[in-house]
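K.L.:
One letter stands for each residue in the lines below.
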Amino acid sequence: MTLDEIVSAVRAAYDSHTPLRLRGAGSKDFYGGLLSGEVLDVSGHRGIVAYEPTELYITARCGTPLAEIETALAEKGQMLAFEPPHFGGATVGGCIAAGLAGPRRQQAGAVRDFVLGVKLVDGTGQVLNFGGQVMKNVAGYDVSRLIAGSMGTLGVIAEATLKVLPMPVAEQTLRFAMDEGEALTKLNQWGGQPLPISASFWHDGQLWLRLSGARAAVEAAAHRLGPNSTVDAQKTWISIREQTHSAFAGEPLWRLSLPSTVPALGVDGLRALEWGGAQRWYAAEPAAIREVAARLGGHAVLYRAPESQRCLEGAFAPLSPALLALHRRLKKAFDPRGILNPGRLYAEF
Amino acid sequence: MAKMTTNDKPDARTDLPALLRRLRLFLPAQCLLVDEEDLRPYECDGLTAYRELPLVVCLPETEGQVIDILRTCHDLGVPVVARGAGTGLSGGAMPHAQGVVLSLARFNRILRVDREARLAVVQPGVRNLAVSEAAAPFGLYYAPDPSSQIACTLGGNVAENSGGVHCLKYGLTVHNVLRIRVVSIEGEVFEIGSEALDAPGYDLLALMIGSEGMLGVVTEVTVKLVPNPELAQVVMASFADVAQAGDAVAAIIAAGIIPAGLEMMDKAATAAVEPFVKAGYDMNAEAILLCEADGTPEEVAEEIARVTEVLTAAGASDLRVSQSEAERLKFWAGRKAAFPAVGRITPDYYCMDGTIPRKRLAEMLSAIAGMERKYGLRCANVFHAGDGNLHPLIMYDASQPGNWERAEAFGAEILELSVALGGSITGEHGVGIEKINQMCVQYATPELEAFHRVKAAFDERGLLNPGKAVPSLHRCAEYGRMHVHHGEMKFPELERF
Chain A
1 MTLDEIVSAV
11 RAAYDSHTPL
21 RLRGAGSKDF
31 YGGLLSGEVL
41 DVSGHRGIVA
51 YEPTELYITA
61 RCGTPLAEIE
71 TALAEKGQML
81 AFEPPHFGGA
91 TVGGCIAAGL
101 AGPRRQQAGA
111 VRDFVLGVKL
121 VDGTGQVLNF
131 GGQVMKNVAG
141 YDVSRLIAGS
151 MGTLGVIAEA
161 TLKVLPMPVA
171 EQTLRFAMDE
181 GEALTKLNQW
191 GGQPLPISAS
201 FWHDGQLWLR
211 LSGARAAVEA
221 AAHRLGPNST
231 VDAQKTWISI
241 REQTHSAFAG
251 EPLWRLSLPS
261 TVPALGVDGL
271 RALEWGGAQR
281 WYAAEPAAIR
291 EVAARLGGHA
301 VLYRAPESQR
311 CLEGAFAPLS
321 PALLALHRRL
331 KKAFDPRGIL
341 NPGRLYAEF
Chain B
350 MAKMTTNDKP
360 DARTDLPALL
370 RRLRLFLPAQ
380 CLLVDEEDLR
390 PYECDGLTAY
400 RELPLVVCLP
410 ETEGQVIDIL
420 RTCHDLGVPV
430 VARGAGTGLS
440 GGAMPHAQGV
450 VLSLARFNRI
460 LRVDREARLA
470 VVQPGVRNLA
480 VSEAAAPFGL
490 YYAPDPSSQI
500 ACTLGGNVAE
510 NSGGVHCLKY
520 GLTVHNVLRI
530 RVVSIEGEVF
540 EIGSEALDAP
550 GYDLLALMIG
560 SEGMLGVVTE
570 VTVKLVPNPE
580 LAQVVMASFA
590 DVAQAGDAVA
600 AIIAAGIIPA
610 GLEMMDKAAT
620 AAVEPFVKAG
630 YDMNAEAILL
640 CEADGTPEEV
650 AEEIARVTEV
660 LTAAGASDLR
670 VSQSEAERLK
680 FWAGRKAAFP
690 AVGRITPDYY
700 CMDGTIPRKR
710 LAEMLSAIAG
720 MERKYGLRCA
730 NVFHAGDGNL
740 HPLIMYDASQ
750 PGNWERAEAF
760 GAEILELSVA
770 LGGSITGEHG
780 VGIEKINQMC
790 VQYATPELEA
800 FHRVKAAFDE
810 RGLLNPGKAV
820 PSLHRCAEYG
830 RMHVHHGEMK
840 FPELERF
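Residue numbers (the working numbering), protein chains in the order written: chain A, 1 to 349; chain B, 350 to 846.
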């Protein structure tokens with residue numbers, strides 16, 4: 001599938017006012033607002049366009065599977081540092097559109113932190129190039145990063161350039177037995193110290209902590225963190241990234257994004273903590289969880305849920321009227337007829 | 350010195366008495382400047398070649414006053430230019446002749462430093478370095494460190510998405526700000542971002558940071574603080590050839606090392622710096638590299654060993670590793686003093702800010718050498734080598750007729766070559782008014798139109814910092830007519846990105 005074919009499809013939809021449902025591998029069909037519109041499958045627009053290890057970037061077409069990208073990077077000892085989930089066959093376009101990062105987010109940053117440039121087909125079928133392939137670029141508004149997490153509502157990401165980083169020389173995972181409260185206290189204390197913590201995961205009385213960096217630094221940190229057991233955890237971290245770990249079983253699954261220092265909520269259904277306490281997973285049906293999260297300075301995402309619940313409840317926390325109005329104006333700036341993934345981010349647009 | 354103006358088209362004249370009547374309803378006398386001698390200090394920012402007197406300077410002390418000022422300007426159709434410390438290098442804070450300068454200088458309080466949550470909440474007029482100073486007792490600091498950090502403010506850093514020598518490893522402002530409070534031109538207050546790691550909806554934080562005061566006025570900033578590294582050490586390497594130094598930079602990255610800082614200076618820069626700072630730079634070298642490792646002592650020792658190995662293999666003619674904190678600071682002192690040092694050997698200098706892929710460095714430096722001959726002006730090069738961000742310092746004498754115009758043309762050619770080499774016209778200083786024409790080179794009409802639509806989504810009447818950052822299509826058409834002769838592009842041999 002060529003860029004021209006994507007452009008023609010969007011133009012035709014624009015002309016006929018036909019809503020489009022953008023789709024890569026469909027690995028995140030469960031995520032966000034309910035699906036609607038005519039499928040525009042862009043998985044055929046694939047392939048790595050440029051990879052320059054010493055310039056620390058990779059440019060790929062939207063349909064390129066993350067697995068293909070990560071294989072190419074691994075050959076040069078590099079990685080996508082935000083450790084995105086694959087959920088089967090995720091593509092780079094869907095990865096950026098959904099903006100989901102994995103365990104290393106707490107150390108390396110979010111998807112948007114690694115987006116250097118995008119080639120976008122806007123809602124009128126126009127091709128727009130934002131950003132580029134250099135690390136620093138402040139010419140013009142940073143539309144490339146705005147696109148990350150926009151759920152395909154601002155344009156078809158036809159191609160993207162991502163910053164890549166070297167893989168750490170050494171990694172080691174430690175396991176501690178502790179309860180939720182102690183884990184949160186410890187994670188916040190450690191976060192204020194120069195320790196090479198690249199991931200954290202608490203579930204059912206156990207805390208896993210991944211150290212990444214120079215070999216000597218990892219060993220020194222492991223020693224400093226005191227009594228614990230060292231585990232071979234490569235598979236565990238993949239199961240956390242992919243949410244195949246039993247902690248993520250059950251629906252509805254809520255993702256709470258909170259200031260890491262918020263103490264244990266005392267709400268039933270806690271499944272796991274990640275990102276030093278800044279990401280928390282709940283699997284029960286806490287009626288008021290959105291209000292709780294908002295009151296504590298964060299927000300709750302209805303991450304996985306049966307369709308019956310997704311019909312009633314938006315996936316993402318509601319916006320203030322002023323912010324919603326601003327979102328609508330921005331949406332209109334890129335997609336004046338509202339044909340791209342309508343309702344996938346918010347029901348209102 | 351030539352006087353520059355921003356306007357693409359003559360703006361409506363502001364009814365000054367009517368504006369003052371409205372402003373005086375809520376601003377006490379000490380918050381309002383109208384006399385020419387009081388306005389004069391605001392006529393330019395760090396880019397002194399571009400000057401304009403505003404009609405009025407407002408110095409609000411509360412967010413409520415900011416809201417009222419913006420509402421008033423919106424009602425009356427008066428342009429507003431927000432201003433921090435005025436240290437910017439692209440004329441982003443240059444006033445509008447028919448407008449108000451909105452100075453956030455009195456928003457200078459650090460509201461909260463939270464040790465456990467590792468964040469600070471500050472007002473936009475707080476100086477960059479003051480944040481790290483306030484966090485120091487907790488073993489924390491604010492990572493982005495533009496070289497103007499003793500003076501520049503957080504509000505300005507947000508507007509420009511400022512970087513610094515450590516951003517290769519620690520990121521730019523956009524990677525280190527968690528939340529901002531913004532007042533729109535209509536006087537509406539938005540909270541963007543949060544103390545959590547993300548917020549619902551579009552990533553407006555990414556859009557606002559680096560938007561050069563075009564989308565809103567920031568009244569509060571929450572930044573991330575990071576633990577001070579236990580140790581930092583610098584390797585200083587000499588090279589007999591700039592291309593070799595450029596290759597050495599690529600070799601460090603290829604070896605899987607992301608240093609805390611990776612800076613390069615050419616011979617013209619070290620020659621200016623050494624007599625001034627006595628940093629111990631190798632005066633015979635064509636280029637020197639400074640490569641900093643930070644972290645735990647174990648980590649630093651391991652990285653320094655690997656860097657030393659890579660630089661030796663890359664052909665460094667001399668290598669020195671800082672043996673004490675005092676020596677590390679001495680090595681850096683020269684780099685940090687590069688601008689003032691160049692200022693000592695020339696009446697004026699003009700600092701550029703292009704970014705290029707690192708591998709095109711040697712090509713760029715040899716092109717700059719050619720431009721020195723073409724324009725009859727000297728140029729010293731300092732370079733955030735790790736992230737491909739060049740700061741050529743073009744030396745000129747503003748008192749000589751035609752000198753500034755040549756410096757400006759020299760700078761424009763560097764920027765346009767940066768784009769042609771696959772880079773950008775600005776890595777961290779912003780477009781402002783300075784690079785407004787080069788935006789027409791970096792972006793085509795559809796992207797510029799999209800930027801104007803984004804602007805309109807926030808500021809429909811175009812009252813916030815008009816004429817900056819994004820050129821009108823009319824302006825680009827004019828610039829294109831001046832620059833493209835007989836359908837010939839510049840640098841026709843180069844691939845376009």
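Simulated from the structure, these hints should not be mistaken for lab results.
Think of the CB as a built atom: it goes at the ideal place given N, C-alpha and C, for glycine as much as any other residue.
Take these hints with a grain of salt, some might be off.
Stated by the list, open to error - Distance windows between CB atoms, simulated:
1. Ala662(B) x Arg224(A): 29 to 35 Å
2. Gly89(A) x Gly605(B): 24 to 30 Å
3. Val49(A) x Gln672(B): 25 to 31 Å
K.L.:
Each hint should be assessed against the structure and marked as holding or not.
P.N.:
Now the hints, each set against the structure:
1. Ala662(B) x Arg224(A): 29 to 35 Å: Holds, at about 33 Å.
2. Gly89(A) x Gly605(B): 24 to 30 Å: 28 Å, holds
3. Val49(A) x Gln672(B): 25 to 31 Å: Violated: the Cβ-Cβ distance is about 46 Å, outside 25 to 31 Å.
Hint check: a violation occurs at hint 3 only; the rest are consistent with the structure.
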